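Participant: Going down the list, the sequences are from chains A and B.
Under the working numbering, the first residue of the first sequence carries the number 3, and numbering increases by one thereafter.
Under the working numbering, the first residue of the second sequence carries the number 470, and numbering increases by one thereafter.
Since the hints were made in silico from the structure, they are not lab data.
A couple of the hints might just be wrong.
Cut-off 25 Å, straight-line C-alpha distance, at most; resulting in silico cross-link-like pairs (SDA-like, lysine to any residue) [claimed, not checked]:
#1 B:Lys-471 - B:Glu-608
#2 A:Lys-396 - B:Asn-481
#3 A:Lys-396 - B:Leu-559
#4 A:Lys-396 - B:Gln-495
#5 A:Lys-396 - B:Tyr-568
#6 A:Lys-237 - A:Glu-277
#7 A:Lys-237 - A:Asp-185
#8 A:Lys-437 - B:Asn-481
#9 B:Lys-611 - B:Asn-481
#10 A:Lys-396 - B:Gln-522
#11 B:Lys-482 - A:Lys-237
#12 B:Lys-536 - B:Asp-560
In this text the structure is predicted, and so the values were computed from the model without any measurement.
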Amino acid sequence: MNAILESGVIDCHPASVPDYTPVAELRDLQLTRLKAVVARAWQHVNLFRSRMDELGMSPDDLRSLADISRLPFTTKSDLRDTYPFGLFASPMKDVVRLHGSSGTTGKPIVVAYTQEDVDVWSSVLVRCFAGCGLHRGDIIQIAYGYGLFTGGLGAHYGAEALGAAVVPTSVGHADRQIMLMKDFGVTAMCCTPTYFLHLIERAAEMGVDMKDLPLRAGVFGAEPWTESMRRHIEKMSSIEAFDIYGLSEIIGPGVGCECRRHDGLHIFEDHFYPEIVDPETGAPLPDGVEGELVLTTLSKQAMPMIRYRTRDITMILPGSCVCGRTLRRIARIGRRSDDMLIIRGVNVFPSQVESALLEVEGTLPHYQILLTREHGLDRMEVRVEVTPQMFNDKIGALQGLHDKLQSALDHVLGIRVQVALVEAYSIERSQGKAKRVIDRRTS
Amino acid sequence: MKIQQISLFAENKPGHIAAPARLLAQEGIDIRALYLADTQQYGIVRMIVSDWQKAAALLESHGFVVKVTEVLAVEVPDRPGGLADVLGALDGTGINIEYMYAFPYVREDGAILIFRFADPDEAIARLQTAGINLLGRDELMKI
Numbered sequence: 003m004n005a006i007l008e009s010g011v012i013d014c015h016p017a018s019v020p021d022y023t024p025v026a027e028l029r030d031l032q033l034t035r036l037k038a039v040v041a042r043a044w045q046h047v048n049l050f051r052s053r054m055d056e057l058g059m060s061p062d063d064l065r066s067l068a069d070i071s072r073l074p075f076t077t078k079s080d081l082r083d084t085y086p087f088g089l090f091a092s093p094m095k096d097v098v099r100l101h102g103s104s105g106t107t108g109k110p111i112v113v114a115y116t117q118e119d120v121d122v123w124s125s126v127l128v129r130c131f132a133g134c135g136l137h138r139g140d141i142i143q144i145a146y147g148y149g150l151f152t153g154g155l156g157a158h159y160g161a162e163a164l165g166a167a168v169v170p171t172s173v174g175h176a177d178r179q180i181m182l183m184k185d186f187g188v189t190a191m192c193c194t195p196t197y198f199l200h201l202i203e204r205a206a207e208m209g210v211d212m213k214d215l216p217l218r219a220g221v222f223g224a225e226p227w228t229e230s231m232r233r234h235i236e237k238m239s240s241i242e243a244f245d246i247y248g249l250s251e252i253i254g255p256g257v258g259c260e261c262r263r264h265d266g267l268h269i270f271e272d273h274f275y276p277e278i279v280d281p282e283t284g285a286p287l288p289d290g291v292e293g294e295l296v297l298t299t300l301s302k303q304a305m306p307m308i309r310y311r312t313r314d315i316t317m318i319l320p321g322s323c324v325c326g327r328t329l330r331r332i333a334r335i336g337r338r339s340d341d342m343l344i345i346r347g348v349n350v351f352p353s354q355v356e357s358a359l360l361e362v363e364g365t366l367p368h369y370q371i372l373l374t375r376e377h378g379l380d381r382m383e384v385r386v387e388v389t390p391q392m393f394n395d396k397i398g399a400l401q402g403l404h405d406k407l408q409s410a411l412d413h414v415l416g417i418r419v420q421v422a423l424v425e426a427y428s429i430e431r432s433q434g435k436a437k438r439v440i441d442r443r444t445s
Numbered sequence: 470m471k472i473q474q475i476s477l478f479a480e481n482k483p484g485h486i487a488a489p490a491r492l493l494a495q496e497g498i499d500i501r502a503l504y505l506a507d508t509q510q511y512g513i514v515r516m517i518v519s520d521w522q523k524a525a526a527l528l529e530s531h532g533f534v535v536k537v538t539e540v541l542a543v544e545v546p547d548r549p550g551g552l553a554d555v556l557g558a559l560d561g562t563g564i565n566i567e568y569m570y571a572f573p574y575v576r577e578d579g580a581i582l583i584f585r586f587a588d589p590d591e592a593i594a595r596l597q598t599a600g601i602n603l604l605g606r607d608e609l610m611k612i
């Protein structure tokens, strides 16, 4: 606790004590927990045990933290392939919560929590909020989606555990969000950064100046965002904007979060062990070098994840943070190693667009995804080249085709998209292949 | 009696009809009639040209999506009630006009109506019974 006193921080909460664990002690704790979680997965998860067998490894081979790089990776497709319960390490009688997120096959991936897991999840969120300077007495509005998505409920339980008053608005109904922020005197907002931009603009249209509200902090995540977007948000609303990181496969929001220094995101590494690897070879990379973030859950009971490939590209920041936390930090995440797009917080894969187009026409026309940002919200347009098979010289028939494509895409992706029918060969091709995604969401 | 019409898909943007028109001009293909059906996003260019086979092959070879459809050409006097008389012949027959367009011609104060019917054979029979003059391909080209 000396570090706290020396750094003069005031954003302290009893739950934040582990943030300041001396490094040697933290590494010991991590090794103890790593051994336990690997043993647990080996004992209860067939896929993991068979992969360890292939490598000729057993949990006893783990002698130091460095040995983690010898363990097999887990990928998102492992979750899909074992849908729904194949990676569970707890019997259903011990599971208290199931969440899910979108996948390319149309089926969600499933994640499970024991009561202990839910408690850990709440505790890391308390540490996030405390690090953002929030505490009992704050009024926190949660405008992440509530439901299968981990964002809403995760932030909700954490904010309650912090002792704050929670306003669970979920996403949508901007006018009502703004009315409640104003009438309740909300002091902190949790949502995607683009949704908050939308709220700023809508508030201005309603004659509400965000700068006049008691709102002082925003905890924004579920999609990558930039420093310039942060500056814009802070200027327009006079709040302090924090980046929070997480993913359902690991626990949900709360894997890491910025402190008030805003110099990278602290990973709650007593529960989530971070590594950076070369996305091509999987080889470990040193601190300060950009690569793919790989996470291992150190305390998860219901669904341990060993060396999960997040596909998020970042680096471990060398050195320690001025805030005094001993937790290592990752740089803000700007891109992903695969082709997954995050649109309004929803995961979208180009392959989903392909399957929707195939479903309607039976053949795959050339298409292109154009992403733009309007009023702080992502806009996705799918341009489809009209082929001779699709073309009909009646407007009504073309309109019918347009509407069919529109509803198939809406259905498969779960978000609203705009369909544009375009002329054959109008989509630029390089080396015969069309460029599938154009992302103009600059901020 | 049936006349081949060429339809093209075109985005509703400046200059998007100029390219096919230029191609046809270069090959000496005459556009006898042209009609544009459009929405905010895109349009359909419908044309009756002097040599439809050559035109279709030419446009396709340049990457245009082309459709050839059969339409009927009806000659009516260019006066009030000209169209009403033709449509009157179809009243109560259940024949559906999928679309139509008209253009006048100068020589004899006439107008040509181009129809696309769901069932062109039935329409031909009805119109001829009513004494309405259907133009053949050659006659249309002479106008």
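Participant: State for each hint whether it applies.
Facilitator: Quick rundown of the hints versus the structure:
1. Note on B:Lys-471 and B:Glu-608: the hinted pairing holds, with a Cα-Cα distance of about 12 Å set against a maximum of 25 Å.
2. Between A:Lys-396 and B:Asn-481 the CA atoms are separated by roughly 16 Å; this keeps the pair inside 25 Å, and the hint holds.
3. Between A:Lys-396 and B:Leu-559 the alpha-carbon distance is near 21 Å, which keeps this suggested pair within the 25 Å criterion.
4. With a C-alpha separation of about 28 Å, the suggested pairing of A:Lys-396 with B:Gln-495 is violated against the 25 Å cut-off.
5. Distance hint between A:Lys-396 and B:Tyr-568 is fulfilled; the C-alpha atoms sit about 8 Å from each other, no more than 25 Å.
6. Restraint check for A:Lys-237 and A:Glu-277: the C-alpha separation of about 35 Å exceeds 25 Å, so the hint is violated.
7. For a cut-off of 25 Å, the pair hint linking A:Lys-237 to A:Asp-185 stands: about 22 Å separates their Cα positions.
8. Using a Cα cut-off of 25 Å, the hinted pair A:Lys-437 and B:Asn-481 holds, with the two alpha carbons roughly 22 Å apart.
9. Only pairs whose Cα atoms come within 25 Å are accepted, and B:Lys-611 paired with B:Asn-481 is rejected, the gap being roughly 32 Å.
10. A hinted pair counts as satisfied when its Cα atoms are at most 25 Å apart, and A:Lys-396 with B:Gln-522 qualifies at roughly 21 Å.
11. Distance restraint check for B:Lys-482 and A:Lys-237: the Cα-Cα separation of roughly 39 Å exceeds the 25 Å cut-off, and the hinted pair is therefore not satisfied.
12. Proposed proximity of B:Lys-536 and B:Asp-560 is contradicted: the alpha carbons are some 29 Å apart, above 25 Å.
The structure fails to meet hints 4, 6, 9, 11 and 12 from the earlier list, while all remaining hints are met.
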